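From first to last, the protein sequence lines are chains F and H.
Terminal number for the first sequence in the working numbering: 569, no gaps in between.
Terminal number for the second sequence in the working numbering: 569, no gaps in between.
Hints were generated in silico from the structure; no laboratory data involved.
A couple of the hints might just be wrong.
Pairs involving identical chains hold if they fit within one copy or between any two copies, as the list cannot separate such chains.
[What the hints assert, rightly or not] Calculated lysine to aspartate or glutamate pairs in the EDC-like style (CA-CA distance at most 16 angstroms, straight line): (1) K293 x D481; (2) K452 x E413; (3) K534 x E149; (4) K534 x D468; (5) K452 x D542; (6) K534 x D99; (7) K452 x D382; (8) K293 x D523; (9) K293 x D155; (10) K534 x E552; (11) K293 x D489; (12) K534 x E492; (13) K452 x E296.
None of these values were measured; they are calculated from a predicted model.
Number of protein chains: 2
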Amino acid sequence: MTIGDSAPALALRPPLGEHVRRYVPALDWLRRYRRQDLSGDAMAGLIVAIMLVPQGMAYAQLAGLPPQAGLYASIVPLVLYGLLASSRYVNMGPTAISSLLVATGIGQLAAEGNAEYWDLALVLAFLVGIIRIVMGLLGVGFLVNFLSHSVLAGFTSAAVLIIGASQVEHLLGIDVPRFGTFHEALISILVRAAETNPITLAIGLASAALLYYFRGPLPRQLRRWRVPPTIREPVTRAAPLAVVALTTVLVWGLGLDRSAAVRIVGEIPSGLPPLTLPSFDLGRWQALLPSALAISLVGYVESISSAKTLASKRRERLDANQELLATGAANLGAAFTGGYPISGSFSRSAVNFAAGARTGLSNVVTAAAITLTVLFLTPLLYFLPQAALGAIIIAAIFGLVDIAFLRLVWRYSQADTAALLITFLAVLELGVERGILVGIVASLALYLWRTSHPHVAVVGRLGSSEHFRNVKRYPVQTHPHILAIRVDSSLYFANANIFCDLLRASLADRPEIRHVVLIGSSVNFIDASAVEALDSLVQELRDAGVAFHLADFKGRVMDRLDRVGFASRMGEGRIFLSAHEAILALGPE
Amino acid sequence: MTIGDSAPALALRPPLGEHVRRYVPALDWLRRYRRQDLSGDAMAGLIVAIMLVPQGMAYAQLAGLPPQAGLYASIVPLVLYGLLASSRYVNMGPTAISSLLVATGIGQLAAEGNAEYWDLALVLAFLVGIIRIVMGLLGVGFLVNFLSHSVLAGFTSAAVLIIGASQVEHLLGIDVPRFGTFHEALISILVRAAETNPITLAIGLASAALLYYFRGPLPRQLRRWRVPPTIREPVTRAAPLAVVALTTVLVWGLGLDRSAAVRIVGEIPSGLPPLTLPSFDLGRWQALLPSALAISLVGYVESISSAKTLASKRRERLDANQELLATGAANLGAAFTGGYPISGSFSRSAVNFAAGARTGLSNVVTAAAITLTVLFLTPLLYFLPQAALGAIIIAAIFGLVDIAFLRLVWRYSQADTAALLITFLAVLELGVERGILVGIVASLALYLWRTSHPHVAVVGRLGSSEHFRNVKRYPVQTHPHILAIRVDSSLYFANANIFCDLLRASLADRPEIRHVVLIGSSVNFIDASAVEALDSLVQELRDAGVAFHLADFKGRVMDRLDRVGFASRMGEGRIFLSAHEAILALGPE
């Protein structure tokens, strides 16, 4: 396929091949694919599959779906993502956060275990796919930036607590009703704690201990024994798989499902993922839209932040809109093959990268391994205890809380800390979707508050230099008849009046002032409301016999003011290149 | 009363007198009142009363209330405002915009002419009073700044059309049902235009002609005849009063109310305003809350912008929160004396100022004149035709559209033009309250969009100077291994990732770069999300062998970065006072 290459450089309409290549990055990297890339992709793909089999089943449990849903969501979507993604390292599939959002979104509409429940999950994946693709085609991926890091950290911290609480029922072997708020969930757990199944609890604790051993002590031992990384890496990543295998054998061998009423996963049908059609029912679509929007944004943030971090380690370009298209297509794939909403996994992507993945082919290898699992291995998982999956989830989510960022926010800024805490509490007590919305609104309000109260400094000349500094901080030289004032903000509707009032207040006290010099080095734009406010101010000052001058404004800002003849209305007021020039010209009378 | 004066300077709790004086500015100016102030206040108060009698009745008609409501709203509220206001020149009372908001707010809940309708107007005045007082006590008057000038201009332009359309029924003497959207109103008018009462229309047109004559030709004639301003001013301001007198005499003399079915005002009860109690019904309060909020904000903008303009003409201080308290108290006064929501009138305040008002006493004089009117003159107004009031309203609202600002916005900025047009159309087609809300949201969205896409310039040294300018605009000198980049915006969650991506993209193309110098002269703050984004960027660049330096950042911004040890994580990266220093240090390898 070389149509794209032979196209003349000046062609106005690129030929079809160009379009296809633009939207299918795989066509590009497959042409240049080298044999040595294959070993990296294959190794990484297999290691990720070792993680993904138990995680997929566990996250499906978290989402309220049967375990095979997590496996089905890890086949066709991965192939689609692998071929379409701009990132070469992100591993697509079920994640803890997306699964939680699925559970809370669908939990209000259908009972878990119900056939309708899974159907709603398909609709949700379909909507998420459509929303992402539309966002990608419109090129509005930047909208996710309005989910600030502080809001995300508050959301994730709360989500970890909610996910943890939701798995306690599996670890204790008790029944906890689907809960409203977090504190109601805790009360439900405490009320029923006496019904704990001790054998189930023991299996859960043993699983947790094993996961801890694989994460900490085992890698150190293997390194001490000089085991080569090609073996060490798959072994340490096999912790969840080992938990699955050991606890399954234990339950089967001792017959714990009957003798001790330990809850097991039960029958997982063998065979390829089914072809499914999400129901086209506008009422359902409307009911699921808030959840679909939340998953679209939050899941995309998960994917794109993994993708960015890994791409920049190799200084590779990343197309954020192509990522929207690829993750959207992957979710459509999930909707039509019995899956549920998925995103890029931060932890699995990091493993994929570290294990040597070179291209999207690693996702295809993972998908192939999962296909073999659903074809041949599911009967072996009949006796897998739910408690083991609960332990796997809890072990996985600890890494989601970014303690370093929480500490940074705490020390760095009260406004960010407030946004984080507001989101955290709102997610716990109002639910995840409303909590995220409250967080976004709070962070925007704090930003607007901040920019609506600009820092303003009366400045004077520092010694005999050309520098002008705040009179409150430095021993500077000023003139009684000149007020030189610097505003550290762009001027727009929310702060223009506040700024003008500050200036009026300074002047009301000092009738001796004959010149005001506004220093605009920090002014990046002035909107029409602010122009109007400045215009009135200038006229008032003229009436009161005070000249208004501008100094150190950017060319871009002055160009715009010139369009409306602002300078011509300044009367005696002049425009200076710098504060120094202004004071030299207006200086001692 | 000298308690305040004798208080020791270091008293921790100011004595009661201080508190009272703080909230009752009249105590201050009454002590210093001079005899010559009285003639100014009396003259101005009387001239304003000449305008206010017909305007008050006309605006009450616009609000859907009987004419006396407008007169009652111009007595007690004016006394309260006069004593409490920080402004000395603003005239309080019924205004066109507030009356329109009353009509649209109550029109959905009760039928005009119904006793309940007026009762709801009292509740509305009560709520407006409470909201303003709470805002004043909390000191959150700055919130009205979020109503940008562009949104206000769009709202006012639409309001003028809606008010004009609402008075067409009075001018034509037809019945038009209370309408939904503006185009529906126009259709209703066209459908019923054939029913026009020709005598009513003639009265309306004659009134309009007279108002025009008083506004334009008459003042010129009087000036030519050298009539002194003390006579000229009251005469030219008496236009609406002349219309009222002439049309009333005409209808009475020719018996037009019976012979030609000209609609007249009818009986206006004589006597002092009644004492009224707004109903304490939470359901009603809730239903009226959106209107009350809209009137609180929009009416306050009317008041405070008049107050500011006039105060600064004399370089006087103005306390915005005290204005909230005073206008709030005035509305409470209206609620308890048969009035309806009021605000400061831009046109009457300007007349008050020009006619020589010195203190709030001018409002008290106006109130006294209106009291005499309701006591003795209302029987004379029985035959006043509604068409004359319609003409008075239409003549008054023309001045509300600020053509100069509309032209400025059009030439100055597409974003502001968009906000203005969106508000204009939304107010016409979605209703005034929802329209204002849409406008506020649109203007905030445009601001956020603007700040989320910062201007970034790669810069180089201009000749042998210390100035660094955009490489795209100036022939500047650069080094292949240094990328000097200036960002013209504060860095926060919505733009930090976009900025970092721009930087990553610049680097992906140029592997020869070893140093990035970020120039922060326009950065007024960096939020925690942006710190995190920069932190990741710095680590990625370190991994890729590129050093990241800061230059020309403000002390306030650096202080905060130091709190979280940002510099210590910059590795080889350094902090320079200016771009020039940075390039000198990193310069040719």
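Just pull the numbers of the violated hints for me, sorted ascending. Failing hints, ascending: 2, 3, 5, 6, 7, 9, 10, 12, 13.
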